[in-house]
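Visitor: Read off the chains here:
4 protein chains.
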Amino acid sequence: MTDSISDAAREIGDRVETFVRKEIAPYEQDPRAGSHGPTEELVREMRDKAINADVMTPHIRKDGGHYSQVETAYILKKSGLSPLGPVACNTMAPDEGNMFLLGKAGSEEQKARFLAPLVSGEARSAFFMTEPSADGGAGSDPSMMQTEAKLDGNHWVINGKKTYITGADGAKVGIVMANSSDGACMFLVDLPDPAIKITRVLETIDSSMPGGHAEITIDNLRVPADQMLGQPGQGFRFAQVRLAPARLSHCMRWYGVAVRAQEIATEYACRREAFGKLLIDHEGVGFMLAENQIDLKQSELMIDWCAATLDRGEDGNVESSMTKVSVSEALFRVADRCVQVMGGMGVSGDTIVEQLFREIRAFRIYDGPTEVHKWSLAKKIKKKTLAAM
Amino acid sequence: MTDSISDAAREIGDRVETFVRKEIAPYEQDPRAGSHGPTEELVREMRDKAINADVMTPHIRKDGGHYSQVETAYILKKSGLSPLGPVACNTMAPDEGNMFLLGKAGSEEQKARFLAPLVSGEARSAFFMTEPSADGGAGSDPSMMQTEAKLDGNHWVINGKKTYITGADGAKVGIVMANSSDGACMFLVDLPDPAIKITRVLETIDSSMPGGHAEITIDNLRVPADQMLGQPGQGFRFAQVRLAPARLSHCMRWYGVAVRAQEIATEYACRREAFGKLLIDHEGVGFMLAENQIDLKQSELMIDWCAATLDRGEDGNVESSMTKVSVSEALFRVADRCVQVMGGMGVSGDTIVEQLFREIRAFRIYDGPTEVHKWSLAKKIKKKTLAAM
Amino acid sequence: MTDSISDAAREIGDRVETFVRKEIAPYEQDPRAGSHGPTEELVREMRDKAINADVMTPHIRKDGGHYSQVETAYILKKSGLSPLGPVACNTMAPDEGNMFLLGKAGSEEQKARFLAPLVSGEARSAFFMTEPSADGGAGSDPSMMQTEAKLDGNHWVINGKKTYITGADGAKVGIVMANSSDGACMFLVDLPDPAIKITRVLETIDSSMPGGHAEITIDNLRVPADQMLGQPGQGFRFAQVRLAPARLSHCMRWYGVAVRAQEIATEYACRREAFGKLLIDHEGVGFMLAENQIDLKQSELMIDWCAATLDRGEDGNVESSMTKVSVSEALFRVADRCVQVMGGMGVSGDTIVEQLFREIRAFRIYDGPTEVHKWSLAKKIKKKTLAAM
Amino acid sequence: MTDSISDAAREIGDRVETFVRKEIAPYEQDPRAGSHGPTEELVREMRDKAINADVMTPHIRKDGGHYSQVETAYILKKSGLSPLGPVACNTMAPDEGNMFLLGKAGSEEQKARFLAPLVSGEARSAFFMTEPSADGGAGSDPSMMQTEAKLDGNHWVINGKKTYITGADGAKVGIVMANSSDGACMFLVDLPDPAIKITRVLETIDSSMPGGHAEITIDNLRVPADQMLGQPGQGFRFAQVRLAPARLSHCMRWYGVAVRAQEIATEYACRREAFGKLLIDHEGVGFMLAENQIDLKQSELMIDWCAATLDRGEDGNVESSMTKVSVSEALFRVADRCVQVMGGMGVSGDTIVEQLFREIRAFRIYDGPTEVHKWSLAKKIKKKTLAAM
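Chains as they are written, first to last, in my numbering: chain A, 65 to 453; chain B, 65 to 453; chain C, 65 to 453; chain D, 65 to 453.
I should point out that these hints are in silico values taken from the structure, not numbers from a laboratory. You can trust all of the hints, since none of them are fake.
Remember, identical chains collapse to one label, so a pair may be satisfied in a single copy or spanning two.
Calculated lysine-lysine pairs in the DSSO-like style (CA-CA distance at most 27 Å, straight line):
(1) LYS444 - LYS341
(2) LYS341 - LYS446
(3) LYS214 - LYS168
(4) LYS236 - LYS168
(5) LYS447 - LYS341
(6) LYS448 - LYS341
(7) LYS261 - LYS225
(8) LYS443 - LYS341
(9) LYS341 - LYS225
(10) LYS126 - LYS86
Same shape as in the complex, but just chain A:
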């Protein structure tokens, strides 16, 4: 497997690791890394360091090409070794997925205007898709989307409500999804825009995303027709293009931070004594660390397997569902055990283990709850089995 990682990718991945461990991890206790994610000031400060260390947007080559998914996994896992790493290196969600999509589907003008400032790390972006449940909008089921786009001369006029829009607060680039009479469409917009109002930023259990997750009202947003991504009705197809890789890159980043939690918990267990011996010498603790080692390895193998599938040009829908479920559930078990191993220290903010536990709890829901993926996998199993019967 590792053979398919080029020297260049390996070299930049290792540089990312050194950078995140040495220059970014110390910021974890910085008060600016708050509960709605790091402040814009802190983001800027960390990104300047990343540019300096030549690790900005490390998974995209200088010529604009992307490393393979297997190589991207190598790099993004390293960037995740701190919850602040992906923000610093510009490998985080939703930007990573947005850059991927723009690279695949954007026109040259669109790339120059919307993609370039993202790749350089100058701007952040948001992806306006999910809608509030109180109004019966689209959560896990995209067919329920209620936001509407109507053509008015050379402009589209968009109205609707969105929620859980990660990073909207502070973003400079937006991708907005809405239904038109031709089907779902995606629009590129400059942010902020007075027609896109942040009604509030949600309090959430996770806290690593700059800008947090926002609730949004879109009120007669006018978008010039040439800011549509592709053609009318291609919205769901583009959502699919973005879907599997974006889902997988979540796994990569969170894998990194789970590795870090395991390091912290293991060192703690090798230092702290109770009832006459080191914690790790208690099987009750040692077994948990061994289980973590297994869960981490399985997660890594699933990530690499799914990445290889995407690299072969397959859509990877089944594979990324399987990977998302297994990795998010496994990393949650890892985080939960790390908390437990560390006792009172584990539920305090004195190490990042507590934050990681919260982040990964959200991961079991973000990008499709475990149950939605199992439901979708079951449907595919049925289809395949009936076809063969």
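Following the hints, complete the assembly by docking chains B, C and D onto the known chain A.
Guide: Below, chains B, C and D alone, put in the same frame as chain A:
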């Protein structure tokens, strides 16, 4: 079982339920119910309402006597229907346990001075026992206690460090545990005291305890000899007296809030649709709610069983360990499933489910991590089995 | 709780325990206790001993009345301390449920003819309800029942296929369920009958039921009209009458044998050494035994809670579903851990732990798989919640 | 990963699959495939077919060389598609491991005499290592070995007891482990030998191994000195050589049969209806099948990862422990879910799912219980962490 609950206890329990649901639950979204627990101002405001509704310290009768543990379970479960309920009604930790201990072990003077203002809800208290691991102090293993008390004339002089001291910030009464040449001792102190310095209040995953959890330095604290609880060397015996009931009352309170979470998640699942039907009509969701119903029932039965054991005058060490492990683990599963049922809403602060999930995560560690209880249970199983072989 | 057990019930329960441990357990290694359950010869031999020890049908009083469900739980748990205990004492399935149903719904003549020889332990019985899936018959879903009964003069003529008919091979009394034009009916029949052909006895994972589980063809079985239980169309009502208590008595018996497995595994762990200490001194082993102790206690409390519900005259449908799910799953965990604690010995027939593990695996399916009960619980949660919204 | 499988290996693996599905699976219902494994007659019959189909000992090339571990995984997984497949194709334990060891450590004479008839499928073999716990012998802890070998002229005289000796009954070749004054040794012996007495064949939960698992007394067994494998004291080293690959090949075979169980359960769920729809359309069932698909994929990835490690010449101790734990636990979950999906059918012998469930239960203990591997992993984590601190 329910037969053993007197009408008086049932009546006050039901009054507590009405009070918590109607008057306290609305405060949950109050900004003063912050991440280090409710502010002193909010505590006062809620407690005035509790006095008004005649539900202050509801598990202690007007004559100072305590309701039985089975009755206390009935009352405290109701008080827990909001994370703010126990603070409002004065059934929360560590006060509930401290009042119990003072009632059992305090002299009349000590009760008048230290217990009375606690029972009236005028003052809060703290229990200074656990110590920082960084210095090798006592966490789950009390034999590692390093805080020392030396007799100097008619005073004891105490030095040491404590951590995870719940509610210390803002408390008026303290119970301090320290080693003397005669063994462990407990001391009653007025707070604040310049010799007891709060070095910081920890950031923790839970956020319902007023005053949060503090790190403390005790620097030449001088305590008059008559403020010792009982005799020198009785410290561990008193810790035992407090132990099982205090552990059990945690289960009661958290049970209440888990019931509330289940109510919220169930209503959500009966209102929200996805993929063409109500969430609850998806077996993936309905099964989780059914599992919760079972876990809640089992938790209730364990609590009542342990309470009945204590009411028979037994020490209940085994029973309270079994109950603490099973209830904390079961309620965590309940909370985790409620989060999952509610999807994005479940990891946001829009309902208390998200907070409950965090609170109960801590519960699996507070008052002895699951693993310490299993370890202790295994030792007792061994002893009993060898005796019978 | 224990107060509600009369001295008489307690006395006979304790006598059952002594009998099962001293006189029945030694038969466990008898080759006649084979893979399709004990042979008729062995059944007779054990039952003669039971009559001798005055423990035959111990949950039914000499006057024909039944002990309360809470008392029955006390007695049946004791009878289960060996997988052969229920057969020996006549507390086993399906006879226990059949006797219960006949006592509730039979006419005096029916009782004299069909119930009396069951209570005396002279005869065994079978309950013909479930049907083969290959033909789309009724498994967990009784509405799919295909067996038909047609009135022909003064007789009913019954045709159909049944499967998983426990104890049919060797039974003297049968209760046959079939659809008539008036709805489902139950018929009492003498066995064997040439019109009821045992096509084969299934090989199954469990092996404690005499007669095993049979596949049956009913071919023009003629039953006199007065052998119908109750009236035409009451079949499902009677199935309900039998349902909850029969389901609960499974829990009682299997609880007993899980207690026995825990005893065996614990003694093994207190005798056997590995890696320099007793197995039980390894936390990996001691924790499993502690978890078993908790699971057993929870199971006991659920059984007693459900029994008390039935004793209050409620139908107990929800309670028995909750109890069946939680007890069967908990006892399976107990059995699985006992196997694991005992290593190679645990998967061999040298102790009954291996058999118990297999028996309890089947218990998670018999009397409704876990999933069917969760499905039914979810529907009731929905109904109750919508009613309150 | 798949690139590293040669065309030759792929071709023979695919031939094995066709052979096992078409020619061997039908034997599963043959009465000669009994509870102590297939009879010698059935083994011979199936092996003649295997020779005919050119799939005898398919993981060893005609020139005596072994396929790589990654290739062996490809082949052995296919051979496991029936529990009788490995016996038929000669890829089963303990022969596969014994052949591997003899190939690595045997002299040319030893290979000609003891290995050749194994590779041709003419003879079966046994590995005499584990000892009865009743006498304090070596189970999971090889340091407790009590069997002794003493030099007497040009012969070694061996005395001791062994248990769980798989396939001893009917084997022609034995490898006996014993302690000498120079340390542990391995001896090659012809079987049967009057000094090696089978005291009984154990009843065990699994039933696929020909000859079952035997208890053995070794009473003054005289072995010529040139039948020692390697040199005196090399016994544990050879045990290590055999260990990781033999452990891994268990995972390969059992993976195959779990795939088969999943096929059977999935087809059942796509054919059988309950409560108005196909079983698979119930999320309670569909989710289980989706979880199986994930568990199977993770198992496959762990097997391939460990195989690649061994192919790089590493000892693979950590990797094979991690793989054995995760694969045996995952496949057990798969088997358990398949049983549950199939309801009453799942606990009957009508499909191989019931047998598979029992086989895999044993797998969690054979070759080191899960707990022993976790214990060993924890020790290695500690060592590595302390070295880096």
